[in-house]
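There are 2 protein chains.
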Amino acid sequence: MIVRTLDEITDTEADVKSENWRSKRIILAKEGVGFSVHETTLYAGTESFFWYANHVEAVFITSGEGEIEDLATGEVHELKPGTLYLLNDADKHMVRPRTEIKCVCVFNPPVTGREVHDENGVYPLVTEPEAETTATV
Amino acid sequence: MIVRTLDEITDTEADVKSENWRSKRIILAKEGVGFSVHETTLYAGTESFFWYANHVEAVFITSGEGEIEDLATGEVHELKPGTLYLLNDADKHMVRPRTEIKCVCVFNPPVTGREVHDENGVYPLVTEPEAETTATV
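Going line by line, the protein sequences match chains Z and X.
Per our numbering, residue 1252 is the first one in the first sequence, and the count goes up by one each step.
Per our numbering, residue 1252 is the first one in the second sequence, and the count goes up by one each step.
Mixed in with the good hints, there may be bad ones.
The list makes no distinction among identical chains, and a pair is therefore deemed to hold if it is satisfied within one copy or across any two copies.
[Claimed, not checked] Calculated lysine to aspartate or glutamate pairs in the EDC-like style (CA-CA distance at most 16 Å, straight line):
{"#": "1", "residue 1": "Lys1281", "residue 2": "Asp1340"}
{"#": "2", "residue 1": "Lys1331", "residue 2": "Asp1258"}
{"#": "3", "residue 1": "Lys1331", "residue 2": "Glu1259"}
{"#": "4", "residue 1": "Lys1268", "residue 2": "Glu1366"}
{"#": "5", "residue 1": "Lys1353", "residue 2": "Glu1316"}
{"#": "6", "residue 1": "Lys1281", "residue 2": "Glu1366"}
{"#": "7", "residue 1": "Lys1343", "residue 2": "Glu1320"}
{"#": "8", "residue 1": "Lys1331", "residue 2": "Glu1320"}
{"#": "9", "residue 1": "Lys1353", "residue 2": "Glu1318"}
{"#": "10", "residue 1": "Lys1281", "residue 2": "Glu1264"}
{"#": "11", "residue 1": "Lys1343", "residue 2": "Glu1326"}
{"#": "12", "residue 1": "Lys1281", "residue 2": "Glu1379"}
Read the hints as simulated data drawn from the structure, not as lab findings.
Work out the full structure, taking the sequences as your base and the hints as a guide.
Structure representation (structure tokens):
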């Protein structure tokens, strides 16, 4: 059993900050459980393009409001507490928080913490060699 | 892209109720993304034994307070908003919410929704045949 708090992660290398968002990675690939879990803050009034070509991501909103646009269809969905969006098809999307949004994000394959968004906004696939044998427990 | 709200799940078969807790399963094995995501309410003043012999589970607390006891070691950890516990070793544990707790739970392998706790409190391993080919995207 591993027990961690956001306070322990704050301002460590697992606390990743950008202009539009801040993501605290609580569980990463090195834990070897087949997914990673992040607590993410999206800043009010921002607009972000995301595209995870190599990862599935589920995002559950715990506070705040805004919208997500599916760039393949132009469809816009409301985001509010209790909404989950699942990017199960490498969906290119825009997120526009009207207020600050807090959310819990799950990635498969798990993020290692070494990924950076490339010029297309894509996370490259980086694997954690030591964890791979137990990644599909 | 799939977008779902807790309101859509309320009182459907994906809204599983017991004496001590209620779990709304938002993403299940049939989505084929390699994990399931549940929003769970643990009732104040209850005490529950859990043991997932066949699943890894991560639980992130979004509201409420209580404690978790690791039955292998007797160690007790505080639960409050921003705490995550990861059951990465089929950990037998007791959860004791002092107040109502809301949490987001992630399971690997994903729960199908057809599991029931057996006499030992264990979820049996049930697979979703149609999803299996894409379960490790």
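Hints versus structure:
Taking the closest pair of Cα atoms, Lys1281 and Asp1340 come within 16 Å of each other only across two copies (15 Å); inside a single copy the shortest separation is 25 Å, beyond that limit. Taking the closest pair of Cα atoms, Lys1331 and Asp1258 come within 16 Å of each other only across two copies (11 Å); inside a single copy the shortest separation is 25 Å, beyond that limit. Taking identical chains as interchangeable, the C-alpha atoms of Lys1331 and Glu1259 lie at most 16 Å apart only when they sit on different chains, with a minimum of 13 Å there against 27 Å within one chain. For the identical chains of this complex, Lys1268 and Glu1366 are intra-copy neighbours only, at 13 Å inside a copy versus 39 Å across copies, given an alpha-carbon limit of 16 Å.
In the homo-oligomer, the alpha carbons of Lys1353 and Glu1316 lie at most 16 Å apart inside one protomer (9 Å), although the nearest pairing across protomers, at 19 Å, exceeds that limit. In the homo-oligomer, the alpha carbons of Lys1281 and Glu1366 lie at most 16 Å apart inside one protomer (14 Å), although the nearest pairing across protomers, at 29 Å, exceeds that limit. When the C-alpha separation of Lys1343 and Glu1320 is checked against a cutoff of 16 Å, the pair qualifies only within one copy, where the shortest distance is 9 Å, while the shortest distance between copies is 42 Å. In this homomeric assembly, Lys1331 and Glu1320 come within 16 Å of each other (Cα to Cα) only inside a single copy, at 14 Å, whereas the closest approach across copies is 33 Å.
For the identical chains of this complex, Lys1353 and Glu1318 are intra-copy neighbours only, at 13 Å inside a copy versus 24 Å across copies, given an alpha-carbon limit of 16 Å. In this assembly of identical chains, Lys1281 and Glu1264 lie within 16 Å of each other by CA distance solely inside one copy; the values are 14 Å within and 35 Å between copies. Taking CA atoms no more than 16 Å apart as the test, Lys1343 paired with Glu1326 passes inside one copy only; the shortest distance there is 12 Å, against 44 Å between copies. Within a single copy, Lys1281 and Glu1379 get their C-alpha atoms as close as 6 Å, which meets the 16 Å cut-off; across copies the closest is 27 Å, which misses it.
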